[in-house]
Structure formats: C-alpha cells, structure tokens
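Line order of the protein sequences matches chains B and L.
The opening residue of the first sequence carries number 1070 in this note's numbering; numbering runs sequentially from there.
The opening residue of the second sequence carries number 1070 in this note's numbering; numbering runs sequentially from there.
Just so you know, the hints here were simulated from the structure itself, not pulled from any lab data.
Treat the hints with caution; some may be incorrect.
Put simply, identical chains are the same to the list, so a pair is met inside one copy or across any two.
As the list claims (entries may be wrong) - Cross-link-like lysine-lysine pairs, in silico, BS3-like; alpha carbons within 27 angstroms at most: (1) K1351 / K1274; (2) K1346 / K1329; (3) K1274 / K1346; (4) K1274 / K1355; (5) K1274 / K1212; (6) K1297 / K1355; (7) K1352 / K1274; (8) K1185 / K1352; (9) K1329 / K1274.
Protein chains: 2
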Amino acid sequence: MKQSHKKNIAIIGVGLIGGSFALRLHEKKLAAQIFGVEPAPEHARQALELELVDHICTLDTAIREAEVLILTIPVNNICDMLPGIMNKIRPDQIVLDAGSTKASIIDSIRDHPKRKRFVATHPMWGTEYSGPSAAVPHAFQSKSVVLCDKEDSDPDAIEWVEYMYTKIGMRLLAMSAQEHDLHTAYISHISHITSFALANTVLAKEQQANTIFELASSGFESTVRLAKSNPGMWLPILQQNKVNIIEVLEEHITQLNAFKRAIEAEQTEELLQLILKANQIKKILK
Amino acid sequence: MKQSHKKNIAIIGVGLIGGSFALRLHEKKLAAQIFGVEPAPEHARQALELELVDHICTLDTAIREAEVLILTIPVNNICDMLPGIMNKIRPDQIVLDAGSTKASIIDSIRDHPKRKRFVATHPMWGTEYSGPSAAVPHAFQSKSVVLCDKEDSDPDAIEWVEYMYTKIGMRLLAMSAQEHDLHTAYISHISHITSFALANTVLAKEQQANTIFELASSGFESTVRLAKSNPGMWLPILQQNKVNIIEVLEEHITQLNAFKRAIEAEQTEELLQLILKANQIKKILK
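Bound conformation, chain B alone:
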C-alpha cells in the first residue's frame, strides 16, 4: 500500500497510551501534526514539554484539524464521548479507540449513521504507570493488536489503521468484540485483579512495611507489579467486562481452593498434579 502523505492526527487523552502513541507516530513518520486533547492541565503541560504533541487543543479543534482521531481515554469516557464525536466528524475522517474492552464501546455507536468511520482496536500493551511522563519510546513493539468487528468499518479506515499498527511494529489480529472481551478477561483483566488482591492480602497481614520491602524477591515484585495500576483506567474495564470477569474470577477462586485443599489435606500427588498442570504454560509462553 502506498501512503502519499502524513496525516494530521488527534490523540484524545495524552497519558501512558496516548503519549506512547504520539512517540511512535512521530518516530514512524505517520503524523504531520499531532493534536492533543487533554483536560488535565498538568498532563497537558507535560505533553507539550515532553514534545509528545504539537498542539494542545479542544475536542472541537481536534475534530476540525485532524484526519484521524485516536481515543486513548478510560473505557467509560470512550463510551460517553464517542457518539458525540461521531456526530461531528466528516465522512472522510477515521476514528479509532485503544480501549481494553470492546463490546460496550461498539454498542455506544451501534446504530450511528457514521459507524463505519470507527475502527475498534485494542493494542495489547501497557505498563503499571500512568500519565504523559509514563509514555515510552518503544511501546507496542512486537505485541499484538486486536481489531474487532472489522466488517462494520469502512475498508479504507481499516486499511489505514492496519497500516499504522504494522508500522509501529504490532501483529494484527481480528476477532469479534465478544470474543475479544472473553479472551482479555482471561489473559489480561484477571491478572490485574489477582495482583490487586495479592497486594491487599499482603498489606492486610504484613504490618511491617519494611519487612515487605526487605524480603520482596523478584517473584513477588512481578506478581504484584500490576497492583500499581491506575484505578481511573482499570475500574471501568472491570465494570464493563463484568460478565466475563465474574466467570474467570470464579474459576480462579476454584483453582486456588484446589491448592488450599491439597496443601491442607497433605495430598502430595494431587498438589504435584496441580503444579505440573500449571507448568504447561511453559509450552505457550517462553
């Protein structure tokens, strides 16, 4: 595919994800100008200071100036703002989001006359940090991006979005929003809940903060790392993907109870089998 020109791109929400997008779009020469929409004054200031965006502007200015709008705000805000944005865009503009849930977001504009200008995406990348200062240069590289319900978007919009994600080093996957929300409940959302719950377990029982600090091995640090994640981003994800998350949480509690039973009743063979089964994750993740 030939791309004749760089595009003017608006990033709605210049935090960890939006800021990292900005860095990659500049680096891969995909953007002529980047317009940042960022209501938090301190984040807006940082976004300019870190040269993530060329301009900080209002949403209306962004819609007027940009050919592509990327929504990198919490998923509840995407649902709230997306219909209004779709109302205002011209027929040649492209809107995409990078939210971690997909069904609720798509539902928010299901019957919108300009639905086909929207591309629902989820780049599977993030860190436990937040804000523009958390943006990093090599974000997204070698990770997967999921495009959902592609048939409901215009081919030219899909084409540019796939071109952009390929340029920034991502592997393209396609699936329905329902499939996406089910798989991410297992492969991403549950990890955050177990990490939050692990932090709360340790903080509830281990009264000496110093002991946690002194004894924390890299194993503990890696399982509890996600507990630092931003509630503004994660609370609405857990709420929007409620049905899938409750199902996976129930399975996870069942699995933990199996360990508890095997340890409590000193069932060595049963405990061994539980660990050997878990070890099979080695075959899938290097």
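Chain L: place on chain B using the hints.
Just chain L, lined up with the frame of chain B:
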C-alpha cells in the same frame, strides 16, 4: 574482618541456586576449590561443562574435602540429609542451607550435638528456571538474605557466612525461623500459588493455546511467570510451610471475593477503594 585464605566449598545440589552460588563464589574469590554433589548425571555433566564446579564427587568426599558445605537442594531433601551430614562433619566445618523454609529444617537437627556448626539461611533470590544451565552470573546481587536463629550457631560460622553473603552483594537480615516462615508465606510463597492457579485458570478455560500466546501482554506474562517454577523445589516448600500458607491463602481468597462482590453488585465506590488500597504497594515497592 580479615580472611586469610579461600576455602574449599562443597555445593550439595548443583541446580539454579547451587550453580549460581558457584559462579558468585568463584567470581568473588571466596572458593579455592568447589566440590559439587549432584546425583542427576545430566546435571552433574552440565555442572562440569559449564565450569560451575571443579569436581563432581560423592557426599562423603565433599564432607572430607570441604571446609564449608552449602545445601542447595529441595527443602524436604535438606531435612532428610542434614542430620546425617551433621553426624559426619568435623568441629571446624560450617554447614549452611539456602532453603525457602526454615523451621522444619532447623527442627531436623534441633538437638544435634553439632547444631552450632549449622547456619540456617535463605537468600531471597531465584528465577522460574531450574538446573545448572539456569545458573546466572549476577545472582543474589542487591537482594536480602535472612539468617535465622543466629544465636544457635557458633559465632565463627555466622561470621564467615555473613562475610560470604556480603561479598556476593546481599543485604543481611536476621530473624527467628518462625518469623521467617510467616513473612515468606506472604511475600514469596503466595505469589507462586497465585501464579500456578492463574495458569490453571487460563489453561482450563482458554482452549486455544494460540490465543493465549497471541494476546499475552507483559502484564499477563509477569503474573504467570512463576507458574513455570519447578515442582521438585516448590511442592515441599508449600508442604513444609503449610500452616502459614493456609492462613495467607484464606486471606487471599477473601480479598478476591471482595473484588468479585464489588464487580458483581456494581459497587463502584467499594471497587475503587479496593484498587486504591492495592495501589499503596507503590509506597513500599518502587
């Protein structure tokens, strides 16, 4: 403290931990000769090939030749072998272990006449890999090591062991075996159980291995990493620290149920508070 000479050191069990000890002891010029006792022929061959040890020998030869013996075998094997080793050592030899539980190990020689030649230690370092090929050069660096029940060891034995751990870059901590086993249940053992259970949750529900591979973000990988851990090492740890681990598992399941309830009943404020509480781990771990 002046150390007049390098010591002959025996490493009982040349795997991840024993092999990493060997690398650091060589590097820090602490060892004249390293004698490896390793019953698995393939591991013994690798230990020589990787030049981790100078000799592979029997336990009796190791006891005859070495001034210091370091036990880096699973904690059940330590309990089984330690009394026999203590029977055979001379009054000037030092025996230490690096096991992840401490009360059971100390109990195994509680009334032994040579108890004071033993130093109970737990260097808080490890990876999810195993065997001599998993040994790494900068192991232990900047991590903590716990010495337990120091008053039950001879001062010269403690002095050398602290000297050795300081040389390889570890921070010294001292506590009772009971305190150690309680704290490690919270800060290390539970992380392994949550990781094993998370792997089993995903493997039970996610039938498409390819989807796990494709969608796995770094967040999932870090929470599930420990699920690759060796059952030979971890099964006896979970069994020996049963009482503490059951207590922490119950608390962890309670915490997970709190998340489940808040998500299920759509209690936004309650869910926010659970996440904000978990975020406090940021204050303790950078």
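Fill in: Hints the structure fails to honour
Result: hint 8 breaks, nothing else.
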